[in-house]
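K.L.:
These are the residues of each chain, in order.
There are 2 protein chains.
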Amino acid sequence: MKTLRVPEATITRLSIYSRYLERMDQNGITTVSSDEIAEGVGVNPAKVRKDLAYFGEFGTRGIGYNVRDLTRYLRKILGLDQNWPLILAGAGNLGCALCTYRGFNSRGFQIVGVFDNDLGKIGKKIANLDVLPMEKMPEVIKRHGVRIGIVAVPPAAAQEVAEYMVMNGIEAILNFAPVILNISGGIEIRNVDLSVTLESLTFNVSFKASQLRLSI
Amino acid sequence: MKTLRVPEATITRLSIYSRYLERMDQNGITTVSSDEIAEGVGVNPAKVRKDLAYFGEFGTRGIGYNVRDLTRYLRKILGLDQNWPLILAGAGNLGCALCTYRGFNSRGFQIVGVFDNDLGKIGKKIANLDVLPMEKMPEVIKRHGVRIGIVAVPPAAAQEVAEYMVMNGIEAILNFAPVILNISGGIEIRNVDLSVTLESLTFNVSFKASQLRLSI
Numbered sequence: 115m116k117t118l119r120v121p122e123a124t125i126t127r128l129s130i131y132s133r134y135l136e137r138m139d140q141n142g143i144t145t146v147s148s149d150e151i152a153e154g155v156g157v158n159p160a161k162v163r164k165d166l167a168y169f170g171e172f173g174t175r176g177i178g179y180n181v182r183d184l185t186r187y188l189r190k191i192l193g194l195d196q197n198w199p200l201i202l203a204g205a206g207n208l209g210c211a212l213c214t215y216r217g218f219n220s221r222g223f224q225i226v227g228v229f230d231n232d233l234g235k236i237g238k239k240i241a242n243l244d245v246l247p248m249e250k251m252p253e254v255i256k257r258h259g260v261r262i263g264i265v266a267v268p269p270a271a272a273q274e275v276a277e278y279m280v281m282n283g284i285e286a287i288l289n290f291a292p293v294i295l296n297i298s299g300g301i302e303i304r305n306v307d308l309s310v311t312l313e314s315l316t317f318n319v320s321f322k323a324s325q326l327r328l329s330i
Numbered sequence: 115m116k117t118l119r120v121p122e123a124t125i126t127r128l129s130i131y132s133r134y135l136e137r138m139d140q141n142g143i144t145t146v147s148s149d150e151i152a153e154g155v156g157v158n159p160a161k162v163r164k165d166l167a168y169f170g171e172f173g174t175r176g177i178g179y180n181v182r183d184l185t186r187y188l189r190k191i192l193g194l195d196q197n198w199p200l201i202l203a204g205a206g207n208l209g210c211a212l213c214t215y216r217g218f219n220s221r222g223f224q225i226v227g228v229f230d231n232d233l234g235k236i237g238k239k240i241a242n243l244d245v246l247p248m249e250k251m252p253e254v255i256k257r258h259g260v261r262i263g264i265v266a267v268p269p270a271a272a273q274e275v276a277e278y279m280v281m282n283g284i285e286a287i288l289n290f291a292p293v294i295l296n297i298s299g300g301i302e303i304r305n306v307d308l309s310v311t312l313e314s315l316t317f318n319v320s321f322k323a324s325q326l327r328l329s330i
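If you read the sequences in order, they're chains A and B.
Okay, so the first sequence: first residue is 115 according to this note's numbering, each after it adds one.
Okay, so the second sequence: first residue is 115 according to this note's numbering, each after it adds one.
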């Protein structure tokens, strides 16, 4: 069987293209060129074409892409032609913020269970969900067929919580705790480190005076 | 004057390398090869060398890099040889989470002002900071020499808040609101869209069965 290696950065850009295409579709635009996509999202046109080429031939030379078809195809590539139930561990400020985060639902993500081991938090309601004790996690994972878990607990608890998720069938983890999780067995992990994004700003602000320029 | 174009992805990787090198330094390791950095952070070795080459010659062929020198140099490139005061607009769940986020302080970021226009929030304390009314923002920006602002307000308010920041001297914005900000005049904007990161997980989980592989 052929193994296709797709750079992580390509997947991230496909997400961004698909958002842009959805806005075009909402605005009644039916055809788009790779140059227009590139301009709209601030990426090099050759990169747009290369990113799309990983997944086969789209579009017609000289005419471009059908907006709706390409949108549908990108959502399918990204696995967004289905809904994704999620579980969330950690009902602190960040957990609450994630439960009410509007960007999730519009992309087919739905948090179906929130867990904490703090007795002061268990039983409280966040965005229509009861905060449950950790022991209830296996049951919720099974009932909803959850494959992705979000870790938003304090750093010291993150490793243990992640292991517990994996033990109960979770296949991929979005980790907000600023620690490296040590999980084997083909589990996909993405760390969201908010200071990494800030550092691309400090780079730019620092070097503005000395005429360095950035491209993406 | 020479204009250097550095890909955004390179800057992000430099952030990640610098974290890895700091851990090595803490562990008493003094010399590192690009292969070891590559292995440690999960990136292709050629990419590590190319990323570093944007900024000149480091290291000694056959020996590698001095961990502490390279760390210091990377922090300087990223603008982290200084402290960065930040302001934050929006004292909701996400704002509170950001104020207590431990990943910021260790990289020299410090939130020095939190602003909201909700009378129910103004005057409350978050992580030792009083939530201030928006009108106080210009004064705080000036007093601390703030150049970077964080937008964590609801989507409908984000554009107005971002414009107000820029009007008062902010040069770069980290935007958590799931909307595209329309700001001109050379202001750097980074959007943190939490569902983009989730979509790289759904891609992986979806295609696991069909033998697609991911690289970074």
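These are calculated hints, taken from the structure and not from any lab test.
Each hint should be verified, as a subset may be incorrect.
[Stated by the list, open to error] With the C-beta cut set under 7 angstroms, the calculated list includes, among others, these residues of chain A facing chain B: (1) Ser129; (2) Asn197; (3) Trp198; (4) Cys210; (5) Arg261; (6) Met281; (7) Leu288; (8) Leu315.
Where a beta carbon is used, it is the ideal one built from N, C-alpha and C, also for glycine.
K.L.:
Against this structure, judge whether each hint is valid.
P.N.:
Hint-by-hint comparison with the structure:
1. Ser129: 4 angstroms, holds
2. Asn197: 10 angstroms, violated
3. Trp198: Status holds, d = 6 angstroms.
4. Cys210: 4 angstroms, holds
5. Arg261: This interface hint holds because 5 angstroms falls under the 7 angstroms limit.
6. Met281: Check failed: Cβ of Met281 of chain A comes no nearer than 17 angstroms to chain B, outside 7 angstroms.
7. Leu288: 6 angstroms, holds
8. Leu315: Status holds, d = 4 angstroms.
Going through the hint list in order, the structure does not satisfy hints 2, 6.
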